[in-house]
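Enquirer: One letter stands for each residue in the lines below.
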Amino acid sequence: MKINMKKFADWFDDRLALTPIFKYMTHKEVPQHEHSIWYYTGSSILLFLFIQIITGIMLALYYQPTLEGATSSIERIMTELPLGWLVRSVHSWTATFMIAFVMIHLLAIWFTKSYRKPREATWMTGMMLLVVSMMFGFTGYLLPWDDLSLAATKVGTNIPAAIPVVGKWVTQFLRGGDDVTGDTLTRFFIFHVCLMPLIIFAVLAVHILLVQKEGMSVPLKDELAKKKVPSLPFWPNFVLREVVIWLLLFGILLTISLAFAPSLGPTADLMAPAPEGVKPEWYFLFLFQTLKIFPANMGPVTGEFVAVLIIVITVVIIFFLPFIDNKPETKKGKVFTYLGVIGVVYAIVFSIWSLL
Amino acid sequence: MRLDNPYFTRRKFLNSLLGGWLGAVAASFISPIVKFVWPPYKEPDEVKLVFADYSGMQPGEVKNFVWGVKPGLLKRAQDGSFIAMVGVCTHLDCNVQWMPDKKQFFCACHDGWYDENGTNIAGPPPKPLRRLETSVEGEDLFVRKPGVGATT
Amino acid sequence: MRKTRILFCLVTASLVLGPFAAAAPQAGTSQDKAQIEAAVSGQNPPAQEAKPAPLPPAAKKPAAKKAEVKRTEPIVPAYSGIKERMAVIVFFFWLWFAIAVLIYFLRLWIKEADRVYWAKYYEPEESPRKDNPMAPVLGD
Chain Z
13 MKINMKKFAD WFDDRLALTP IFKYMTHKEV PQHEHSIWYY TGSSILLFLF
63 IQIITGIMLA LYYQPTLEGA TSSIERIMTE LPLGWLVRSV HSWTATFMIA
113 FVMIHLLAIW FTKSYRKPRE ATWMTGMMLL VVSMMFGFTG YLLPWDDLSL
163 AATKVGTNIP AAIPVVGKWV TQFLRGGDDV TGDTLTRFFI FHVCLMPLII
213 FAVLAVHILL VQKEGMSVPL KDELAKKKVP SLPFWPNFVL REVVIWLLLF
263 GILLTISLAF APSLGPTADL MAPAPEGVKP EWYFLFLFQT LKIFPANMGP
313 VTGEFVAVLI IVITVVIIFF LPFIDNKPET KKGKVFTYLG VIGVVYAIVF
363 SIWSLL
Chain H
349 MRLDNPYFTR RKFLNSLLGG WLGAVAASFI SPIVKFVWPP YKEPDEVKLV
399 FADYSGMQPG EVKNFVWGVK PGLLKRAQDG SFIAMVGVCT HLDCNVQWMP
449 DKKQFFCACH DGWYDENGTN IAGPPPKPLR RLETSVEGED LFVRKPGVGA
499 TT
Chain V
182 MRKTRILFCL VTASLVLGPF AAAAPQAGTS QDKAQIEAAV SGQNPPAQEA
232 KPAPLPPAAK KPAAKKAEVK RTEPIVPAYS GIKERMAVIV FFFWLWFAIA
282 VLIYFLRLWI KEADRVYWAK YYEPEESPRK DNPMAPVLGD
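Protein chains in written order, with this note's numbering: chain Z, 13 to 368; chain H, 349 to 500; chain V, 182 to 321.
Please note that the accuracy of each hint is not assured.
What the hints assert, rightly or not - Computed list of chain V residues with no C-beta within reach of chain Z, every gap over 12 Å:
{"no.": "1", "residue": "Ile-263"}
{"no.": "2", "residue": "Lys-264"}
{"no.": "3", "residue": "Val-269"}
{"no.": "4", "residue": "Ala-279"}
Said to hold, decoys possible - Examples of chain H residues toward chain V, derived with CB under 8 Å:
{"no.": "5", "residue": "Arg-358"}
{"no.": "6", "residue": "Arg-359"}
{"no.": "7", "residue": "Leu-362"}
{"no.": "8", "residue": "Leu-365"}
{"no.": "9", "residue": "Leu-366"}
{"no.": "10", "residue": "Trp-369"}
{"no.": "11", "residue": "Ile-381"}
{"no.": "12", "residue": "Val-382"}
Quick caveat, the hints were computed from the structure, so don't treat them as lab data. All of these numbers come straight from a predicted model, not from anything done at the bench. All C-beta atoms, glycine included, are put in the ideal place defined by N, C-alpha and C.
With the rest of the complex left out, here is chain Z (with noise of 0.2 Å):
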């Protein structure tokens, strides 16, 4: 008995209509141009996105989120459960992928300025992403509750607190109260594994549906020219190109997950002093450099205050980069233009210097 697919395809399509988003779909056209790899980014984080989804579920099963249970559940999970290092390996590795290629995704978009006009609610839902992404792994590190990751939680937590007015309210709801607990590390995982998710999802839900909306963008000279792009349908050609990217990434992830599985380390103890060699991880690195410049006291204000007040305008002024450089063409465009790379040599420099 042949089902015919035909039929049950057009029993949805009477109750839900979808069939205009399909037919949208498959006429969307992906231009091919000298920058036309960098589209590949964005799938590509979509990809590590799912593997995390899959493998987090997967030691979520085993975790116990609570100050006696988190690091030998842990234990069990990398010792007794079969291949259960390789699912752990996958997820803290699939993490640095994920804010790596978030990274290369907003550099690519910089330099090519696809923010500009029509694109600007697509950057600073991009930039909401970015500090979901990155507080995906703030959350993540913690959970192990090993020495390094206690130290440098609170190291983490305490930063918001150099922000006036509202800086200890924030410290005290990231800890769960004055101090980092067993609370906080239930309430880092809830975050982790219940908030963050839904904020990245209805996000990310907005990004992808501009994304569509507006199509993907060309550069900005052929833009100027009126030049017409060659351009791929995205299906089934587009895709399939991505499927290639997607395997090739994949490979690379569970050969680096095979050789390097990280370890963990000594029980977390709230009364030990902090250890040697306390860093975030990478992706925070020259933030850390960039606290650690500053003097303890510069002038009424402490150091840390001056260095968190000027992240904060930065990571702003980013935020809203496209209302800033809004002629992209002109010489005001180029300045944007050196300033990203002068971005990229800082974070690159101070994340160097903070390891040394």
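Using the hints, position chains H and V against chain Z.
Expert: Chains H and V only, in chain Z's frame:
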């Protein structure tokens, strides 16, 4: 040889190649995920108890021991030997309790009753309490799954 | 054509069965890659001691101390035997072989899709074959 009007087109061939491969690769990745998600915990094959704790039991007395994550029941028979049972009701897995005055095991969940040897006598339980083998070796009292020989 | 089909079946079978063969030595061991280097003497052995029944005449053994497992040594992932190391290496090569095969097929499919697109198969009106009454129509 080239057919003039092939039924099996190149497109279909490519589709089935790729689809088949993707299916095979996906299936082989599902297997480790399944192994991880389905819990590997098993019941123990044997449990070693300290005989001194139980040597003073009177005939007809029932004591508890730990069988993995379930309660075990140890009863001293009239002739001095031990009967070991898994103290879990065969109906829907609630733990049973010993009622010394009635000399019966009672399951509070759905009013199931077992006699002093574990046979189900009243209520919904379909089978008697699961038996385990005991053996005293020196200072140790071993409780084993039936059929499992000594592993020491 | 027939030879290709046989080759295809053989390679598929080996590639599907490969990971199971590699996983088999792992399935036997209950302990996987990571090894506990910590001294676990502070930890109680899995509960195999008698827990006294809550009955009046029972002689109570002192209740098992709730040990605080404060692990002081890091757990570093390591192979527990040559079999595990070989399993991982076999899996590594199988993974890249499978990816290479998949990418080979995808390239064929991409070329096909591109060829169809450039030949304007889906827009017969714009195709150079629009004047040819013998040209096949969509939906073969």
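Enquirer: Against each hint, give a clear statement of whether it holds in the structure.
Expert: Verification of the hints:
1. Ile-263: Per Cβ check, V/Ile-263 is outside 12 Å of chain Z; nearest 16 Å; holds.
2. Lys-264: For V/Lys-264, whose nearest Cβ neighbour in chain Z is about 14 Å away, the distance exceeds 12 Å, so it holds.
3. Val-269: violated (6 Å)
4. Ala-279: violated (9 Å)
5. Arg-358: It holds, given that the least Cβ distance between H/Arg-358 and chain V is near 7 Å, below 8 Å.
6. Arg-359: holds (7 Å)
7. Leu-362: holds (5 Å)
8. Leu-365: holds (5 Å)
9. Leu-366: Check passed: Cβ of H/Leu-366 comes within 5 Å of chain V, closer than 8 Å.
10. Trp-369: Interface hint status for H/Trp-369: holds (6 Å vs cutoff 8 Å).
11. Ile-381: H/Ile-381 check fails; min Cβ-Cβ to chain V is 12 Å, beyond 8 Å.
12. Val-382: Interface hint status for H/Val-382: violated (11 Å vs cutoff 8 Å).
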